[in-house]
Amino acid sequence: MLSTSITSEMNKNVYDLFLIRPVKRRNIIIAKFFAVYLCTLAAVWLSIFTGMIIDAFMGITVPQFFLDQLVDSVLTVFFALAVTCSFGSLFGVLMKSVAGSAILSLYVGNQASSILTLVIPLISQLMELEFGISFPFDPFILSMVIGTVTSIGILLLAIWAFNKKQF
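Numbering follows this note's numbering, in which position 78 of the sequence shown is assigned residue number 106; successive positions increment by one, without gaps.
Please note that the accuracy of each hint is not assured.
Derived CB-CB ranges, DEER-like [stated by the list, open to error]: (1) Ser101 - Pro50: 19 to 29 Å; (2) Gln194 - Pro50: 43 to 53 Å; (3) Ser162 - Ala59: 40 to 50 Å.
With a straight-line cut-off of 35 Å between C-alpha atoms, the simulated DSBU-like cross-links for lysine-lysine are [unchecked claim]: (4) Lys52 - Lys193; (5) Lys124 - Lys192; (6) Lys52 - Lys192; (7) Lys52 - Lys40; (8) Lys193 - Lys124; (9) Lys124 - Lys40; (10) Lys40 - Lys192; (11) Lys193 - Lys40.
Source of the hints: derived by calculation from the structure; they are not laboratory data.
In this text, a Cβ means the ideal position worked out from N, Cα and C, and glycines have one as well.
Take the sequences, apply the hints, and build the full model.
In structure tokens, the structure reads:
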């Protein structure tokens with residue numbers, strides 16, 4: 029969604045209007061990133077709370093273990109989503125084709141976010157189960173740090189590329 033909106037706006041010369049006004053280019057990309065990111069986070073929370081309300085009305089008690097796993101999973105999704113949104117902004121800036129930016133941001137963004145945020149907890153669990161070796165760090169905190177650093181780095185790269193674009 030982010031990549032296609034940026035690409036189609038660039039193809040329609042929407043950003044030429046911002047050259048007249050004193051709007052910094054980085055603010056445009058950052059605002060688009062946070063708008064998409066926060067709307068998607070709201071959708072995630074809305075679906076979780078809807079499920080909890082339905083469970084409460086049905087009289088289903090959720091074990092504490094599932095709630096703990098839910099928190100870990102939701103936190104992992106938040107950071108994977110940040111990586112996906114930052115890739116969307118990068119491909120939206122770099123590509124001229126709306127379809128190309130959509131396909132690349134979906135494929136590369138989802139693959140990169142899953143590799144960066146989901147592999148670390150998986151490796152730590154395999155190390156403990158197979159070899160009895162405990163991971164030296166909390167895997168979820170490490171995946172959060174990796175997700176944050178990666179999304180900030182890719183977003184900065186998108187801002188740099190957007191600043192270099194000629195309109």
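Each hint, compared with the structure:
1. Roughly 43 Å separates the CB atoms of Ser101 and Pro50, a value that falls outside the hinted 19 to 29 Å.
2. Checked against the given bound of 43 to 53 Å, the beta carbons of Gln194 and Pro50, roughly 19 Å apart, lie outside it.
3. Checking the proposed 40 to 50 Å range against Ser162 and Ala59 shows it holds: the Cβ atoms sit about 42 Å from each other.
4. Under the criterion of a C-alpha separation no larger than 35 Å, the hint pairing Lys52 with Lys193 is consistent with the structure, at around 13 Å.
5. Taking the CA atoms of Lys124 and Lys192, the gap is near 15 Å; set against the 35 Å cutoff, the hint holds.
6. With a C-alpha separation of about 13 Å, the suggested pair Lys52 and Lys192 falls inside the 35 Å cut-off, and the hint holds.
7. For the proposed pair Lys52 and Lys40, the alpha carbon gap of about 19 Å is at most 35 Å, so the pair holds.
8. About 12 Å separates the Cα atoms of Lys193 and Lys124, which keeps this hinted pair within 35 Å; it holds.
9. Only pairs whose Cα atoms come within 35 Å are accepted, and Lys124 paired with Lys40 is accepted, the gap being roughly 11 Å.
10. Taking the CA atoms of Lys40 and Lys192, the gap is about 18 Å. The hint holds against a cut of 35 Å.
11. A distance of roughly 15 Å separates the Cα atoms of Lys193 and Lys40; the hinted pair therefore holds under the 35 Å criterion.
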